[in-house]
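K.L.:
Residue numbers (our numbering), protein chains in the order written: chain A, 1 to 110; chain B, 1 to 112.
Do not rely on the hints blindly, as some may be mistaken.
To be verified - Some chain B residues flagged as far from chain A (calculated, every beta-carbon gap over 12 Å): (1) Ser49; (2) Asp56; (3) Glu100.
What the hints assert, rightly or not - Just some of the chain B residues that point at chain A, by a computed CB distance under 7 Å: (4) Gly58; (5) Pro61; (6) Thr97.
No lab work stands behind these hints, which were simulated from the structure alone.
Idealized CB from N, CA, C, for every residue including glycine.
Below are the chains, spelled out letter by letter.
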Amino acid sequence: KNEVEQSPQNLTAQEGEFITINCSYSVGISALHWLQQHPGGGIVSLFMLSSGKKKHGRLIATINIQEKHSSLHITASHPRDSAVYICAVRSQGGADGLTFGKGTHLIIQP
Amino acid sequence: NAGVTQTPKFQVLKTGQSMTLQCAQDMNHNSMYWYRQDPGMGLRLIYYSASEGTTDKGEVPNGYNVSRLNKREFSLRLESAAPSQTSVYFCASSARTNTEAFFGQGTRLTVV
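Looking at chain B on its own, in the form it has when it is part of the complex:
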């Protein structure tokens, strides 16, 4: 059972470079989320998609864009990476907005 799959697992970027973090779930979930986890802080919501075709900003959306490509896939794009975006990024999904959440293994991103 794959669950939620994130790629890549690790990435180093130079300031100003762009990249896309990929996330896919095989549980036919409607809701998908992107969070970032920083030392000494709880996970924070970047963007979410309550259903296919919709996306909304979370707590810390600046510097990011998202695409809900289809029901399975929800990607996070950094157009011009900054050192402040060094973090561990988690994708999550749930059947609906108030059901159990399933998380990917995380992407450790370093921006130098």
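Only chain A is shown next, with the shape it has when bound in the complex:
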């Protein structure tokens, strides 16, 4: 069973700061997902990646397959970025479905 660890669990930052959220996993994967969950809301997919780096607006996701590690970066953070960010992986050769980290609760203060 893949173990997915995220850090930090909680993060409070000031508007404009550069944010980094980390995710590590224990077993080889075929894909890693970064998801966003707003309070009381549903879950939105931000990225799916299996190698390298992806960028969408102020969000950047990177993955190092050899080190079994991924990072999600937010540049020029804004209060509307406040949410729970969740890392999830699909293990190679395993059963279908994703294995999730516990999430990082991010608060951006004005």
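Put chain B on the given structure of chain A with help from the hints.
P.N.:
Frame of chain A, contents of chain B only:
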């Protein structure tokens, strides 16, 4: 664009009652999933359906049954609800097993 639609959004059950959570997607996806989300834990897979006509157990299937009624719909049934099934339930779908996942808005279920 509806995406993944779950009903109901909220439900309170008494211990022993039964209910069915409904999920429908309009993206012609092959794979559908049911997850539960509990405080302090990551989402956990209950059941999934890799394609129409197939269903398989996930990590925490006990106390649940599922039906893949057609390509669009994947329902989750609690035959005899227990307080341990108090949770937020999410349905998700993807085009294939290793593509982007789309989630419903969740169903907050309380069993008293």
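K.L.:
If a hint holds in the structure, say so; if it doesn't, say that too.
P.N.:
Taking the hints in turn, this is what the structure says about them:
1. Ser49: Label violated. Min Cβ-Cβ 9 Å, cutoff 12 Å.
2. Asp56: violated, 7 Å
3. Glu100: violated, 5 Å
4. Gly58: With a closest approach of 5 Å, the Gly58(B) hint holds.
5. Pro61: Violated, about 11 Å.
6. Thr97: Because about 5 Å separates Thr97(B) from the closest Cβ in chain A, which is inside the 7 Å limit, the hint holds.
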